[in-house]
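Novice: Once you've looked at the hints, dock chains B, C and D against the given chain A.
Number of protein chains: 4
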Amino acid sequence: MTQKIAILGASGYTGAELVRLIATHPEMEVAALSGNSKAGMSMAEVFPHLRHLDLPRLTTIDEVDFKGIDLAFCALPHATSQAVIRALPEDLRIVDLSADFRLRDPHQYRIWYGKDHAAPELQQEAVYGLTEFYRDEIRGARLIAGTGCNAATGQYALRPLIEAGVIDLDRIVIDLKAAVSGAGRSLKENLLHAELSEGAHGYAVGGGHRHQAEFEQEFSRAAGRPVQIQFTPHLIPANRGILATVYVDGDSDAIHGALSARYAEEEFIVMLPEGEHPSIRHIRGSNYCHIGVVPDRIEGRTIVIATLDNLTKGSSGQAIQNANLMLGNDEGAGLRLAPVFP
Amino acid sequence: MTQKIAILGASGYTGAELVRLIATHPEMEVAALSGNSKAGMSMAEVFPHLRHLDLPRLTTIDEVDFKGIDLAFCALPHATSQAVIRALPEDLRIVDLSADFRLRDPHQYRIWYGKDHAAPELQQEAVYGLTEFYRDEIRGARLIAGTGCNAATGQYALRPLIEAGVIDLDRIVIDLKAAVSGAGRSLKENLLHAELSEGAHGYAVGGGHRHQAEFEQEFSRAAGRPVQIQFTPHLIPANRGILATVYVDGDSDAIHGALSARYAEEEFIVMLPEGEHPSIRHIRGSNYCHIGVVPDRIEGRTIVIATLDNLTKGSSGQAIQNANLMLGNDEGAGLRLAPVFP
Amino acid sequence: MTQKIAILGASGYTGAELVRLIATHPEMEVAALSGNSKAGMSMAEVFPHLRHLDLPRLTTIDEVDFKGIDLAFCALPHATSQAVIRALPEDLRIVDLSADFRLRDPHQYRIWYGKDHAAPELQQEAVYGLTEFYRDEIRGARLIAGTGCNAATGQYALRPLIEAGVIDLDRIVIDLKAAVSGAGRSLKENLLHAELSEGAHGYAVGGGHRHQAEFEQEFSRAAGRPVQIQFTPHLIPANRGILATVYVDGDSDAIHGALSARYAEEEFIVMLPEGEHPSIRHIRGSNYCHIGVVPDRIEGRTIVIATLDNLTKGSSGQAIQNANLMLGNDEGAGLRLAPVFP
Amino acid sequence: MTQKIAILGASGYTGAELVRLIATHPEMEVAALSGNSKAGMSMAEVFPHLRHLDLPRLTTIDEVDFKGIDLAFCALPHATSQAVIRALPEDLRIVDLSADFRLRDPHQYRIWYGKDHAAPELQQEAVYGLTEFYRDEIRGARLIAGTGCNAATGQYALRPLIEAGVIDLDRIVIDLKAAVSGAGRSLKENLLHAELSEGAHGYAVGGGHRHQAEFEQEFSRAAGRPVQIQFTPHLIPANRGILATVYVDGDSDAIHGALSARYAEEEFIVMLPEGEHPSIRHIRGSNYCHIGVVPDRIEGRTIVIATLDNLTKGSSGQAIQNANLMLGNDEGAGLRLAPVFP
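Chains as they are written, first to last, in the UniProt record's numbering: chain A, 1 to 342; chain B, 1 to 342; chain C, 1 to 342; chain D, 1 to 342.
Only chain A is shown next, with the shape it has when bound in the complex (with noise of 0.2 Å):
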């Protein structure tokens, strides 16, 4: 019997992405799209490219009917998440996308976000999205927060090598160039093509973009000890994928082995031979994550390069991930998408 799923905050890049996905997923349906800015609009107004689907019109939050709803996702901006969960029936199963549930200390959230979190019993409730790391808490859970897009690349690459004692936690740098759809469909001169389309910049330079709290929460854990990373994300002239360049005082035939020792049961995360890295190019598209380990020419230093697609695997594929668990599906269903290249 198909599953009948919601999208409220459909409008957006992340909503259009899980319309896609559940386009081919095969147990998968869409009985329920919110967006209230654009509520009373067709899909196709909105989002063309998804014309030749059947779709129910956007309705605003208020007008969806929860009934016979098996599941929902929640694609809303940051902040405008945590009200809305609170008031949806208690006995929906949610994977929210946004950055309000990553947090579980609501001190650090009140630090990051700037405010007090106004769920902090569904905060305490919530199971962290990273699906390879949570696959059990995930599959009873109700309420999944799923990771930020810059998170998950840079944890992928991490967090084995952390959990297995490999490398200096106190020498961890990533350097990470992150494609423009990740910033969303937002309004800002610096995200027009004509001034992105030859650019590349930093942003939130020196430790200030919020994924690094959600880094410093789950290093610290899988640590079992307080760690701080470096952190710089920059904006480059692509629209989909992540290259985290990740550099690590560790040894890396130790590295690749625990990666590939991790990672050997992993359908979606792909380990390259050692020496080889990869190219966001090759995962556009997809669920899939590639990771590669190279030597320093320095002794005793080694550059891990994990890429994922920020809109896919980043969010609303590890969305789908987490929600096959949840409803008991074959986890990598409706995922198995090749990337589309060139």
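There could be a bad hint or two in this list.
If several chains are the same, the list does not tell them apart, and a pair holds so long as it fits within one copy or across any two.
Derived SDA-like pairs: lysine to any residue, alpha-carbon spacing no greater than 20 Å straight-line [claimed, not checked]:
#, residue 1, residue 2
1, K115, I298
2, K188, S37
3, K4, D91
4, K67, R57
5, K188, A44
Hints in this document: simulated from the structure, not taken from any laboratory.
Specialist: What follows is chains B, C and D alone, placed relative to chain A:
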């Protein structure tokens, strides 16, 4: 039972696109891959975006064992295909993606390609692969001649208008904008990113493009009289997609009506409401073709704009759609992937 | 003695382009910069690429002291210019880059812009700024109406042909491909890099673009009878440059001859040898316009292709060329920057 | 009196960039152009963007008459330069843009380039062309070794810090993002627009890039002790520009102070206020280098970000700056072109 597929010439873009589409096709499986210049290599080396798939190694064509192969896609360069296909088993179903069998008239072939055809008997046998217009012949055919990607785009816009007699046959201008993957993996200076990314220029201006021959063959056949058109392709700095802006003399209501009637039952041809027109950004990576009709301010003139993805609906998707017909599959099997946007 | 220049509306792309060009102009100096919404800011904040220059701060227009100003460039949004210019000192030389004074006929203005003109007397006084065709009037003018960038491109291709009587005036199609900086710094979803970088689409299809009015005003004047054309602009994923593909009925030798004769003495209009055609990549950042002529396979039809940089020859470069004439400078002073390629 | 300039190897991007800059240089004139593979062609055929200039035809190097030539730029491929320059007149001033004379130590040359140097005596004579740090030697030199473009960017960020002793010499990471024109006009699959336009990947990861040798030669010299660094270049989908993100251990105030003091009098090196950082979009086509300094959240760590145009300040602009010194011109003559944005 899974259908065993061979792809000859798998190291080019259309070969890679066939593999991408077959990766999630419910009936087909890649059983053999050839690529003479890269024989011995794995597909992961040639196309790292396919790294997650379990694929046979590339071999030479001679090494392919055609026993048990249900159908071969031939994605070889123009002029190479004819000799190769002539040497294949006589009962093998073949979908050829090259230009070799598109022209039925040996004389026209000589004019446009500068030499005699090496397999004129196959030239007669081949069925032209524009699915929506040759469906019945394709179903029973052994050899399909895939269309040119530009030729497909222009025909989707114009063919029903010629058949319905609603436009002036002596006043047809196709101004076409083509993304660069249509040029294949050719190493030419003007295809380098440094030169093309801020470039846009016409090519084969004045009627020299070989797809012109296809247009005139097919339009003359549809019209029952010789039809000559003006066709100017341009290269634009995008990867995938063709946008054909077609200028005709005719009434826009009649034109929109004729197209809508003709495509009412066609799954992959999507008509826009009259007055709207499409963008290449909305069909990327998909088998869908979007068509719009807009009246000009000058009475009696109309603009038809059609768009499709040159690698999918324009070649490899079309090839699989035809193969589905030949093998008795659901015509759209494996082809309902939604476009990738953004 | 240095000429003191004021730029009103310096926070948009054409304003920035004026500053860029004046930075190496041998006679001019930027003496005042206004930008109401960014008044108080330095140009380095608004346009960091101008950071190395010693420029006045942005002020409101009211704060500009016009005493000692030799000439003002007015780079304000359409419809804003007319009121502002009306209030400027009566003896101030002005080059307006907006659309406000391009149409001479108040009635046409009302049709295309939807309201009455606020300064109809200035509308009569203004000289149309297509330098090569209005040079003598420009030299003595006080107020210049800079042309539309699309309108300039099409006129360079067509105007000499109309004057020479070598084409059919009822069969003119301009299919134009425009880079995105022509849309200005407008915050619109379809101008975002994520959406445009793999996009291409028509706009104002069917004759609705306001530059159409300029075409018809100027072509009718040149022909001595009403001329209507078909004009379809398209947006392509490039920053700078316009490529106009113009379809005409006429003999290609006569057409190439008429253009070559007309532009023989023009420094900034470069004719290509017959049969060759230009690319936008070769005029970027410069004041040069390249024009090519190719005969079509259909007897008696010809394709003319013209390209120029919308921000330079299409607006700010043109503006300076006109200002040079008004101020008695060498016409090409400051404008001989070679195109930036790659 | 005009200085007569020869450009050897004028058919590559740096050759074209030299011609572009000399086109508006007040003292220089292109007197000879060589390009062996394109000898006999006009520059308009090889680089249509230079079509408006009156330039000599391309010849072979042997055909160049060096009598009356004041200075030769040598823009030949690496390893070709040394033999060519050895054969040039002994009193000819030469600025070499290749890698051939950058390393002073014949042993290091052999390690990094895999063979013995063909002109070791010239290797000793050559002055390293980083203008701001070798100005006095350059003024009196006959042969200049232009720096690598990546090497220049990294040195502008780091050299004053090493000289001032404000950073830990054993903890330097340069993560560099380079636009594709730095790869030259090479015909490689991964430089094709179809592959690169949505691509981003590291290359020579782990310390294998030859500019590494320059870094270590120059930094060791500045430090008075051996310095090894980590350097990972990445290719991004842009045409022009390098962005170097440099991670150092040191106090950000001291670092910003050292850079600001060192560059206070430098026309082409522009320091941003502390806490700000630059973008490649703001230096395109210009000889300016922008540098920013941002403290990291981790005490005692700082990020320095530098950007310049690889073809201008990184090679051809630098070459002209050096030539200006050698010929007694104003050092910045012809180099004050403002960046092209957008």
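Novice: Against each hint, give a clear statement of whether it holds in the structure.
Specialist: Cross-check of the supplied hints:
no.: 1; hint: K115 / I298; verdict: neither (44 Å within a copy, 24 Å between copies)
no.: 2; hint: K188 / S37; verdict: both (18 Å within a copy, 16 Å between copies)
no.: 3; hint: K4 / D91; verdict: within (15 Å within a copy, 46 Å between copies)
no.: 4; hint: K67 / R57; verdict: within (17 Å within a copy, 51 Å between copies)
no.: 5; hint: K188 / A44; verdict: between (24 Å within a copy, 18 Å between copies)
Of the numbered hints listed earlier, the single one contradicted by the structure is hint 1.
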